[in-house]
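So the protein lines, in turn, are chains A and B.
So for the first sequence, my numbering puts the first residue at 55; every next one is plus one.
So for the second sequence, my numbering puts the first residue at 43; every next one is plus one.
Since the hints were derived computationally from the structure, they do not count as laboratory data.
For glycine and all other residues, C-beta sits at the position ideal for the given N, C-alpha and C.
Hints are supplied without guarantee of correctness; some may be wrong.
Claimed, not checked - In the EDC-like style, the derived pairs of lysine to aspartate or glutamate whose C-alpha atoms are separated by at most 16 Å in a straight line are:
id, chain 1, residue 1, chain 2, residue 2
1, B, 427, A, 195
2, A, 323, A, 230
3, B, 192, B, 165
4, B, 351, A, 195
5, B, 242, B, 305
6, B, 323, B, 353
To be verified - One-sided and incomplete, this derived list gives chain B residues near chain A with beta-carbon spacing under 8 Å:
id, residue
7, 133
8, 135
9, 236
10, 346
11, 350
12, 377
13, 382
14, 386
15, 503
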Amino acid sequence: MGLLSDPVRRRALARLVLRLNAPLWALPVAWLERTMRSVGLEVYTQSFSRKLPFPDETHERYLVSGTNVYGILRGPRAASTESLVLTVPCSSDSTNSQAVGLLLALAAHFRGQIYWAKDIIFLVTDHDLLGTEAWLEAYHDVNVTGIQSSPLQGRAGAIQAAVALELSSDVITSLDVTVEGLNGQLPNLDLLNLFQTFCQKGGLLCTLQGKLQPQDWTSLDGPLQSLQTLLLMVLRQASGRPHGPHGLFLRYRVEALTLRGINSFRQYKYDLVAVGKALEGMFRKLNHLLERLHQSFFFYLLPALSRFVSIGLYMPAAGFLLLVLGLKALELWMRLHEAGAGPDEARGVPGPSLAAPPVQGVGLTSLVAPLLISQAMGLALYVLPVLGQHVAAQHFPVAEAEAVVLTLLAIYAAGLALPHNTHRVVSTQAPDRGWMALKLVALVYLALQLGCIALTNFSLGFLLAATMVPAAALAEPHGPRPLYAALLVLTSPAATLLGSLFLWRELQEVPLSLAEGWQLFLAALAQGVLEHYSYGALLFPLLALGLYPCWLLFWNVLFWK
Amino acid sequence: MAAAMPLALLVLLLLGPGGWSQAEPPRDTLREELVITPLPSGDVAATFQFRTRWDSELQRERASHYRLFPKALGQLIAKYSLRELHLSFTQGFWRTRYWGSPFLQAPSDTDHYFLRYAVLPREVVCTENLTPWKKLLPCSSKAGLSVLLKADRLFHTSYHSQAVHIRPICRNARCTRVSWELRQTLSVVFDAFVTGQGKKEWSLFRMFSRTLTEPCPLASESRVYVDITSYNQNNEPLEVSPPPTTTYQDVILGSRKTYAVYDLLDTALINSSRSLNLQLKWKRPPESEAPPVPFLHAQRYVSGYGLQKGELSTLLYNTHPYRAFPVLLLDTVPWYLRLYVHTLTITSKGKENKPSYIHYQPAQDRLQPHLLEMLIQLPASSVTKVSIQFERALLKWTEYTPDPNHGFYVSPSVLSALVPSVVAGTPVDWEESPLFSTLFPVSDGSSYFVRLYTEPLLVSLPTPDFSMPYNVICLTCTVVAVCYGSFYNLLTRTFHIEEPSTGGLAKRLANLIRRVRGVPPL
């Protein structure tokens with residue numbers, strides 16, 4: 055401990071470990087190529103390299119370079135217009151060699167069959183998701199995240215569906231299925247139904263979010279358990295992370311899911327033949343598809359594998375929450391009108407957001423300053439941590455990754471001092487109308503943002519709406535201010551993230567202590583920023599550029615003088 | 043079941059004025075030939091050719107008696123003044139990079155002025171296409187090489203292409219008189235892993251589940267050629283049994299090849315064993331040799347994501363170490379992909395490559411596709427990328443196919459090139475040399491002609507939710523039935539207050555009395 059208490063030494067050691075780790079583990083590219091070729095596939099490799107914006111301490115990587123290996127089984131009945139993908143991610147920290155073995159065995163078996171009407175791509179990616187992202191971008195010949203990779207030599211038409219496989223141990227007692235993808239995108243429900251059918255057929259034990267399927271729906275246990283599963287799914291979807299390699303496929307409209315073989319030390323164990331049979335069944339079914347999967351739902355929540363909540367059922371909930379904001383805005387609008395003296399002020403103002411200044415004195419000008427300052431704060435939150443990491447690391451005894459997280463938190467907290475700064479700028483002639491107009495703008499802004507988020511990523515929209523809406527509706531410079539302030543701080547985006555982490559671990563039945571929770575929170579912040587840069591996850595810019603400035607506006611309203 | 047089978051159906055029609063000559067007793071001959079080529083990947087390609095030549099001026103004189111030439115095709119030529127016809131049905135895709143240049147290609151002597159060209163990538167090929175094709179053969183599938191044409195084996199292959207080529211050929215040097223030539227070709231590639239159960243040993247029986255028993259009595263020539271060329275110094279990678287009596291050497295596709303020849307008309311060959319079952323055996327596993335990559339191969343794909351825009355990219359590989367050569371690229375793109383021609387970029391080795399000739403015919407909505415043709419010089423050992431951006435158009439809702447979520451096909455682009463040869467070829471004698479060597483007309487000996495087709499593409503277009511009209515109809519019907527019906531009923535019904543009937547005699551009497559008394563009536 056004494057060695058590592060010195061931050062400079064600790065940083066040096068961390069760098070050494072990072073550098074040493076890189077050559078210690080590498081994908082056995084030549085062996086994979088040879089093996090795939092010997093089973094009769096067309097084999098290609100793709101090398102890629104990526105410099106992350108700052109060192110990733112969770113996965114211990116910074117300058118990443120690797121090689122993906124993939125083999126294409128050419129379907130004899132087709133001219134390479136369509137394909138299916140079976141992908142296995144490999145990285146230094148997870149041992150996924152069982153899955154590679156299963157992939158090769160499946161490839162050898164599939165090669166001897168004559169019924170393939172679609173090409174099948176067997177993909178082994180290096181550095182798990184980074185490799186998948188590099189391969190997908192090269193396959194579609196686009197560059198979304200700035201990764202450098204060699205162009206692909208072999209292609210197989212439009213990818214129709216993909217299955218990712220992760221086996222963490224050689225003994226498997228259950229298969230866990232993951233559907234949540236990048237930015238909360240979900241695959242077509244039919245793909246999940248297909249998997250579930252083959253689980254039942256093969257007698258495999260399948261779990262969702264690591265939870266067993268409830269059997270008894272008559273007592274209270276079944277619904278309670280499915281509620282837990284549902285909440286876990288909401289939290290996972292809201293995080294916007296790709297929870298497995300399948301998450302990256304969804305951007306290219308490739309229906310995909312990840313299967314994880316889990317050893318939970320139960321009595322019944324499955325050998326790989328059972329898993330292989332389920333996979334073979336899925337691929338044969340997908341091979342027979344005439345069209346892309348489109349018949350079923352793309353928006354759903356899953357309380358259990360065999361049950362889902364459709365968009366028509368859950369969307370009204372979010373709608374009613376947003377209605378609160380709308381009604382509150384309407385009320386403020388009417389109060390502003392009552393407060394405004396003459397009837398001539400009531401003449402048509404085009405939109406509700408421009409509708410703030412019906413009163414002379416509190417024109418748009420008084421709103422410009424807080425709006426601009428809070429947006430600038432958001433921009434600083436988005437840009438500065440990554441931009442200034444080296445400066446911070448030089449001047450303070452922290453590593454780059456820590457510097458980014460701490461700068462994030464510092465800027466976030468600095469935003470709380472904003473009201474004192476803005477008041478110097480704002481000349482408040484009519485203080486009451488001033489905060490009302492500001493709150494009106496903020497309410498409409500929040501409602502619009504949450505509405506848009508709920509449409510694309512329902513879980514995130516709902517989670518944010520459920521936390522932010524009450525505090526936002528209540529915030530005003532009168533009444534029990536400390537209470538409002540506490541409420542507002544507790545429902546700010548960062549606090550929601552912290553709370554979600556605790557809830558998440560609570561639902562997984564691995565409760566966190568406070569210190570652990572804080573560490574996890576810091577790691578989650580770093581991961582959020584990294585995932586934005588490496589996969590194009592939108593949660594970080596959304597919070598930094600959209601919701602945080604909006605939340606600052608309410609904070610401003612609360613401390614209006 | 044058959045719907046996943048893709049096909050390239052290709053029609054090349056040349057229409058033009060008919061030929062002329064004076065009468066002479068028509069003479070027809072049939073030559074049949076099978077070439078077996080072990081491919082670098084360990085698979086085996088078999089190419090059948092049946093060539094009927096008829097010394098008859100079909101378009102001048104009304105031929106009424108058909109002997110070997112199929113009457114159906116003869117009448118077609120006579121009636122429509124056909125100059126040339128090339129029709130092919132293909133399942134699968136010729137993998138040029140692994141299998142080498144295709145053996146059978148469309149002929150080089152086409153005149154684009156009269157050309158009609160069409161491709162149907164959506165159609166499927168199956169046995170019902172093979173049966174009428176076999177019926178055109180003089181011996182049908184009763185004798186000769188055509189006994190091997192067993193449908194269930196031919197379609198369990200990784201590539202299957204059958205074609206009919208009709209064209210006139212000159213009978214003398216000044217071409218004053220023409221004969222008609224019908225070539226029926228069929229090429230298949232047997233998969234080492236599926237058909238051969240992983241073993242790379244082949245025999246006629248293993249491939250076709252038949253053996254050769256007798257020649258077609260109508261054929262003047264019936265031969266089997268087996269490619270026994272060795273690619274490196276160690277002689278004979280292949281062992282062929284029974285040992286061939288003669289071999290044949292020629293320059294095919296720019297390199298020197300050796301073929302073992304089996305003549306079915308040679309009675310000793312068949313009589314010794316009552317049947318001929320050719321066997322091929324690799325002496326060493328073929329993967330130890332690096333597969334020779336052909337000088338020209340290509341790849342085509344759609345890049346980008348989302349349903350608004352995209353990019354068509356074609357990669358052209360010139361693997362020749364020091365010679366550059368030109369390629370003519372012909373693209374036909376359906377109108378619903380709106381090409382942005384200003385985005386057309388051609389890059390080789392990181393530099394812009396200006397094509398020496400571009401012909402572009404813009405599409406007209408619902409009438410004609412885009413036609414883009416260009417002549418590109420491919421630098422030595424380079425990859426040239428030709429890319430053009432497009433926007434996906436919205437179709438009218440009746441224009442979608444029954445399976446719109448499958449996607450829409452874009453036909454393959456056609457590459458024609460004069461590829462430099464390793465060995466100088468010599469002009470072939472058309473009547474004497476084997477049929478397959480006449481497929482590659484050599485012009486100057488230093489290069490040979492190759493025509494390649496890239497893979498067809500599948501592009502998804504923005505598709506409306508087709509269940510919506512149904513939902514709308516259901517909803518509308520309900521609304522009409524419940525609301526409109528009752529409203530209409532309410533509006534058109536005339537309401538009037540029913541006067542109570544004037545009553546009986548008693549009431550009238552009472553009213554009369556009341557009037558007398560001056561009281562209002564009941």
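Now for the hints, and whether the structure bears them out:
no.	hint	in the structure
1	B:427 x A:195	holds, 12 Å
2	A:323 x A:230	holds, 14 Å
3	B:192 x B:165	violated, 22 Å
4	B:351 x A:195	holds, 13 Å
5	B:242 x B:305	violated, 25 Å
6	B:323 x B:353	violated, 46 Å
7	133	holds, 7 Å
8	135	holds, 4 Å
9	236	holds, 5 Å
10	346	holds, 6 Å
11	350	violated, 12 Å
12	377	violated, 20 Å
13	382	violated, 16 Å
14	386	violated, 16 Å
15	503	violated, 12 Å
Checked against the numbered hints given earlier, this structure breaks hints 3, 5, 6, 11, 12, 13, 14, 15; the rest are met.
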